[in-house]
Amino acid sequence: MSPPQAPTDPQDEPSTRELSRLAALLRYEILDTPDEPVLDDFTQLAARFCDTPISLISLVDDRRQWFKSRHGLDVSETPRQISFCAHAIAGDDFFEIPDASLDPRFKDNPLVTGEPHIRFYASAPLVSPDGYKLGTLCVIDRKPRLLDLEQRDALKRLSRQVMRLFEERLLTSQYAEQAALHQALLDGAASAVVVTRADGRISRINALATELFGYPEDALLGRVATSVLFAPDSLERRAATLGAELGRAIAPGFEVLAAAAREDRPEIREWRLRHRDGSEVPVLLSVLPIHDERQQARGYILSAYDLALQENLQLRLHRITAQVPGMLFQYHWRRGALGAFPYVSEGVQQIYGFNVADVTPSVEPFLNRVHPEDRAALVQSIRESAAQLLPWHLEHRVMHPEKGVLWVEGRATPLRQPDGSVLWHGLVTDISERKAEQLELDRQQEMNRRLLDALSEAVVACDEHGKLTVFNNTARLWHGLDAHPVPPERWPEFYHLCEADGVTPLAPERVPLMRALRGERIRDVEMTIVYNGRPRHVLVNGDPMFSSDGKQSGAVVVLHDITERKRIEQLQRDFVSTVSHELRTPLTSITASLGLICGRVMGDIPEHLQELLDISHLNSIRLSALIDDLLDIDKLNAGKMRFELAREPLPPMLEQAMRSNQGYAESHGAHITLSECPPVAVEVDAMRLQQVLSNLLSNAAKFSPAGGEVTLSAKRHGDRVRISVHDQGKGIARTFRPRVFQKFAQADASDTRQQGGTGLGLAISKELVERMGGQIGFDSEPGKGACFWFELPCHEPNGGGR
Amino acid sequence: MSGLQRILHAEDDPSIQAVARLALEMIGGYQVLACSSGHEALQQAVGFAPQLILLDVMMPGMDGLETLARLRALIDLDRVPVVFMTAKAQPEEVEQLLRLGACDVIVKPFDPMQLAARISSIWEASRR
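Sequence lines, in order, name chains A and B.
Per numbering that gives the first Met the number 0, the first sequence starts with residue 0, numbered consecutively.
Per numbering that gives the first Met the number 0, the second sequence starts with residue 0, numbered consecutively.
What the hints contain is simulated information worked out from the structure, not anything from laboratory work.
Note that the structure is a prediction, hence the values are computed from the model and not measured.
Just so you know, even glycine gets a beta-carbon here, dropped at the ideal spot from N, CA and C.
Treat the hints with caution; some may be incorrect.
[To be verified] Derived, one-sided and incomplete: chain A residues facing chain B with beta-carbon distance under 10 Å:
| no. | residue |
| --- | --- |
| 1 | R583 |
| 2 | C597 |
| 3 | D627 |
[Claimed, not checked] Beyond 12 Å from chain A on every Cβ pair, some chain B residues (computed):
| no. | residue |
| --- | --- |
| 4 | Q43 |
| 5 | D110 |
| 6 | E123 |
| 7 | R127 |
Just chain A, same shape as in the assembly:
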């Protein structure tokens, strides 16, 4: 047997044409598939028509011939080397071997020499549309013969039908594959997809669509998409606007979607579709036409992106932004372009008076509402923020259409975008109220400042750390300095602060502001400010300052200039002192002369002169006493009276007082007794103590009735001793009591003359007692006499005097 022309040996290199033929065969996916009755019909028909016992549909691959259908033969394949078909497909359209045993190509073929003992073979090739011969439809007989023309034709026609069937199955499988792909694409889509035919009837929907609209697929297929999924009123509205755009009437049905899509104006639009349960489904809907080969719309793809999630997010954002007092915004700016607001919250109404629905991203309407005086600064501040990527912050005015001029505060953080533009996220808040408060505060502060500067008093304040915060005009004038960051311990040195004497530098802890800072309340503290070598005497009042939470926030002092007052006081004192001395000199000679006359030194006095001379003498003595008292008061007031304090035992001093005043008392018909005295010591100036006791005892004697008793006593009360002088006079009138210790105060004006007092004794006594650390007072019930007393701190007697 000789091999066919086509290379059939597997060792041989197959030709390119043969490789393409094999690929074409594989594409039909028929090899090794099960038997099919529809193909068996063809082999039976062929066998019957050609009157042969065997008929096969044989396909030839690289190593065998495989029978898709066989009639009259049991084997399903034979090797390619011995196959008749391999020869047939290499040849022309029709292939016939009348007697194989006589054909040199086949006489040794095992299929000829053995089973099935082939003598006759005829075949028509199975030719693919692209011209490849995939195999044959063949008929076989065990005896030699020939087909007539009719039989040949039938075999050819049958083979073409077989091939057509193969072709159809290939298309079907390709179609199934594409359909599966389409479904996978549909089901994999992120949108709900509804596919319609040209008239809008739904042909397919994906899983998301059934989910989104709540219908099972069956319930939608065949129904017009717009009548089942769309609200009629929304269709009508859209039909009207679209009609106006296109210049022709649009029916409010599926045409609303189709018209634009068909005219190659595919659009994406928000719709509120209807769920099966009647609720609204917000979607972003795109409509795309499906064109056939002739560019006719065969249908439409409606792709609906669910906006509910986004709406929920927006709702949440809206709820959040509604809580924010002010306007949240995004502001976007690109070099060389006007800025824009991609987002503003509803607060835009509150800040700019724009309805949020009317807001466009454009920056211009916003800028127009900014106060003209603030616009340049606003633009500048945004530029700077963009250039340096620094947070934007600006207080400015906005002209609100209803509320008038608002003060607003804007804050935003810039972010550089990949394209070089800048996006800010920020907030604009209404600070009008705060601004008004601040302006009011500024106004008050301004008034305070003016007030402070208008004061003739100096006012100085510091914060809790001792930093000087207020230093008014007067303070600057007096110190010749302004507030400097000088630590409190250096204040005396820096601001030339001295004690009241005008020379001793003030110790830092004695500076009134420092004391007030330490919580002390300062009242009438005297000190001096020495500026240009001249002391300015000031009286200082001060207080610590507290914040509303009770913490100390600093201290303030007010300095009142008393230099002039002190000068006048000094003049007065000099005057009093001078006058007193000038008076005393002539008075000394008058008193002394009268003393000599009344003392009969110059001889007897005529009786009718006696009384007048006595009156003159007594009154000249009173005048001297008055001048002495005046000088004492003056010294006390001027602080010039020196006290020689020493610790002295009390009893001997009381005894001495009793003795020294007994004569005077007796001249008034009274008697002094010392009733009791504890053995204590007091720290006093003995001479001044005697002066006090003399005042009290002589007063008591003067107001005693004839034969009256004046009782001097002392009693200890804890660490103090009370010395009392009790008389049996008529007591102190209620109305007079408040004035007892005032200068020149006497119960009635006539007393002075009648009782021969100066009216200064008790005032002097009070001063003296207080200077010695004591207190003076009196008890009196009218008719029961008066009791004047004073108390002094007392010590154990063995403490001894100094």
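Following the hints, put chain B in place on chain A, whose structure we already have.
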């Protein structure tokens, strides 16, 4: 030794000078040389040979203190006590006068009836 007889009194105020002289002469029976100034006291001091000198502190020209200092060069003040009369009665002033050599201080206004007795006791004290 003899008792006190001669007193030199320097006082610029003629009235006080007169009253004091009267009191000392009439009550104490002393011989008083009255001078109107410190200068005059210095001029008279050696010739009069006073046994006690009574000096007013405040005198125009030369005050009592200067007079005392100059007197020291003329007479033996250890033997002649000097008593000041002053209207300035502050303790520190009195102390100062005593420190400068005064034997005692009599404060104005003085009781003329007691003046002679006071001078006498000062004189007695200075003798001891």
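Do the hints match the structure? See the list:
1. R583: The hint holds - A/R583 has a Cβ within 10 Å of chain B, the shortest such distance being about 5 Å.
2. C597: Holds. Min distance 9 Å.
3. D627: It holds, given that the least Cβ distance between A/D627 and chain B is near 8 Å, below 10 Å.
4. Q43: 22 Å, holds
5. D110: Violated, because the least Cβ-Cβ distance between B/D110 and chain A comes to about 6 Å, which does not exceed 12 Å.
6. E123: Its Cβ never comes within 12 Å of chain A, the nearest being 22 Å, so this holds.
7. R127: 25 Å, holds
Checked against the numbered hints given earlier, the structure breaks only hint 5 and satisfies all the rest.
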